[in-house]
Amino acid sequence: MIGDITYIIEEYWPLLLEGLKNTLIITAVSYAIGVALGLALALIRVYGPRPAAAAVTAYVEAIRGTPMLVQLFIIYYSLPAFGIVLDPLTAAIAAIGLNSGAYQAEYFRGAISAIPRGQWEAALSIGLRKWQAVRHVIIPQTWRVALPAMTNELIYLLKYSSIAYFVTVPELVFMGKYIGSKTYMYIQVYTIIAMIYVALALIASEGMARLEKKLSIPGISVTTPRQ
Amino acid sequence: MGEVLRVENLWKSYGRHEVLRGITFSINEGETKVIIGPSGTGKSTLLRCINLLVRPDKGKIFLDGEEITRPGVDEASVRARIGFVFQHFNLFLHLTALENVMLGLTKVRGLPREEAERIAKEALLSVGISEDLWRKYPAQLSGGQKQRVAIARAIAMNPRLILFDEPTSALDPELIGEVLKVMEKLAREGMTMLVVTHEIGFAMKVADEVMFMDEGRIVERGPPEEVILRPKHERTRRFLSRIWELYDLGVQR
Ligand SMILES: Nc1ncnc2c1ncn2[C@@H]1O[C@H](COP(=O)(O)OP(=O)(O)OP(=O)(O)O)[C@@H](O)[C@H]1O
Ligand SMILES: [Mg+2]
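Taken in order, these protein sequences are the chains called A and B.
Take the first sequence: its letters are residues 1 to 227, numbered as in this note's numbering.
Take the second sequence: its letters are residues 1 to 253, numbered as in this note's numbering.
Just so you know, the hints here were simulated from the structure itself, not pulled from any lab data.
The reader is advised that the hints may include incorrect statements.
Said to hold, decoys possible - Partial pick of chain B residues on the chain A-facing surface, computed with a CB cut under 8 Å:
id : residue
1  : Leu53
2  : Val54
3  : Leu103
4  : Tyr137
Unchecked claim - Label-pair restraints from in silico Cβ distances:
id : chain 1 : residue 1 : chain 2 : residue 2 : range
5  : B       : Gly128    : A       : Ile203    : 42 to 50 Å
6  : B       : Glu226    : A       : Pro116    : 38 to 46 Å
7  : A       : Phe73     : B       : Val73     : 49 to 57 Å
8  : B       : Ser142    : A       : Ser216    : 15 to 23 Å
9  : A       : Lys214    : B       : Asn158    : 53 to 61 Å
10 : A       : Ala201    : B       : Pro38     : 52 to 60 Å
11 : A       : Glu61     : B       : Asn158    : 45 to 53 Å
12 : A       : Ser216    : B       : Glu8      : 31 to 39 Å
The structure presented is a predicted model; accordingly, all values stated were derived computationally and were not measured.
Ideal Cβ placement from N, Cα and C applies to all residues, glycine included.
Sequences and hints are given; from them, build the entire structure.
Printed below as a string of structure tokens:
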């Protein structure tokens, strides 16, 4: 077994590396989209005009109510009918990013509602405009409260990035399948892939833990992430 | 002595509950007025109306002769001229004591950092918050220290008027004194203040006028010796006798 694994790594490391690179790109870019979109959606839902807030609610429910794979297929296979053609990698990033945005909107909304109402009133009372109160008082506290949930989300996305396989993006799982079909050593190949995912997840949570520590401020409470 | 604040026939209802029923009074420059009254009579609502956090249904409020209740008023710039000290401090939790005081100076007044820092430090020193506490976060301060930082945050903006909403009600008894002392000093230095409090000792010493509010109205008003020691109205008397009981208990302890 160990011999097979070293053989596969020696023989196929360029493919594994290419797969790793694509997995990292999908995860990082869709996570960034998810954070930005999630924060924007949460702010609209909490502070925006009612119709906009309702639209955000509808979006979040629609995303949470359908499988991510279906969302990916809609983007990859159905959008071309409307003249929007995306290459596999872009389609995967868009699908995962849009999906993550909906979930993160909920994390951020939870974090914002955990901020005591007096913070908002104090911000207005010193003469800050509403957008300034959001920018200088609400958002800095939102990050800190939402960080544990954001860590979970990053690790989810790392694993969900593998659905890109279904639209032929050569990421880790795709490469695993390919190498398996060449060598007939499926178990060994997937063992390697699994170990890579575990390593990445450990690095991600360690990095986020450091960030959390760096940003931590006494007295700002942290919500438990949703499972 | 110019008039800083005038409140004219202010009404406010929540649903069918009339919380303010025709409040009228004014405050001149350098005066301190104290509002006392039972819970739920609209004292906080009145202060929140003055600070434009709540819109009154009827009536007008003037700050330095300018009507601030008129439609289209720039609320933020009005609030920047009125300090507000809350019962529960409401210091910005993610900022240090110094940063709490600086935020309004840099973001509202647009001052450069160094100047904001200089003014903020001066304000903190004036409320007895010394250098070793400047870099502490609110959670690392005692209640009395938090409230004094909150007062520094208000005075650093150089407001025309400071509103205090029961500034010592959330404090442990042994910390009340340090906050009242700061407020007394402010009043002596000529700050214009409107204070909701049950600290009748403070009112006796500092107030130019005491107003007793009940069920949305100012029932009785006058110099503190009159209202507190010789109240005319039955309701004022009943309320004060309860306050005296608590006060005596506090003194004996
Ligand atoms: N946003 C609101 N919606 C509905 N009712 C409210 C609201 N704010 C205040 N009230 C009601 O208005 C009444 C007056 O409240 P207010 O806080 O002004 O009283 P108060 O005199 O400050 O009392 P306390 O001494 O307890 O602070 C209360 O009955 C309260 O329940
Ligand atoms: Mg009140």
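Status of each hint after checking the structure:
Using the Cβ-Cβ criterion of 8 Å, the hint placing leucine 53/B at the interface with chain A is satisfied: the shortest such distance is roughly 6 Å. Hint status for valine 54/B relative to chain A: violated, with the closest Cβ pair at about 10 Å, above 8 Å. Given the 8 Å rule on beta carbons, the hint for leucine 103/B holds: about 6 Å separates it from the nearest Cβ of chain A. Taking 8 Å as the C-beta contact cut-off toward chain A, the hint placing tyrosine 137/B at the interface holds, the least distance being around 5 Å.
For glycine 128/B and isoleucine 203/A, the hinted distance range of 42 to 50 Å is satisfied, since their beta carbons lie about 48 Å from each other. About 39 Å separates the C-beta atoms of glutamate 226/B and proline 116/A, a value consistent with the hinted range of 38 to 46 Å. The hinted range of 49 to 57 Å is satisfied by phenylalanine 73/A and valine 73/B, whose Cβ atoms lie roughly 53 Å apart. The hinted window of 15 to 23 Å between serine 142/B and serine 216/A holds, with their beta carbons roughly 21 Å apart.
For the hinted restraint 53 to 61 Å between lysine 214/A and asparagine 158/B, the CB-CB distance of approximately 35 Å leaves it violated. A C-beta distance of roughly 59 Å is found between alanine 201/A and proline 38/B, which places it inside the suggested range of 52 to 60 Å. The beta-carbon spacing between glutamate 61/A and asparagine 158/B, approximately 49 Å, falls within the hinted interval of 45 to 53 Å. A C-beta distance of roughly 49 Å is found between serine 216/A and glutamate 8/B, which places it outside the suggested range of 31 to 39 Å.
Hint check: violations occur at hints 2, 9 and 12; the rest are consistent with the structure.
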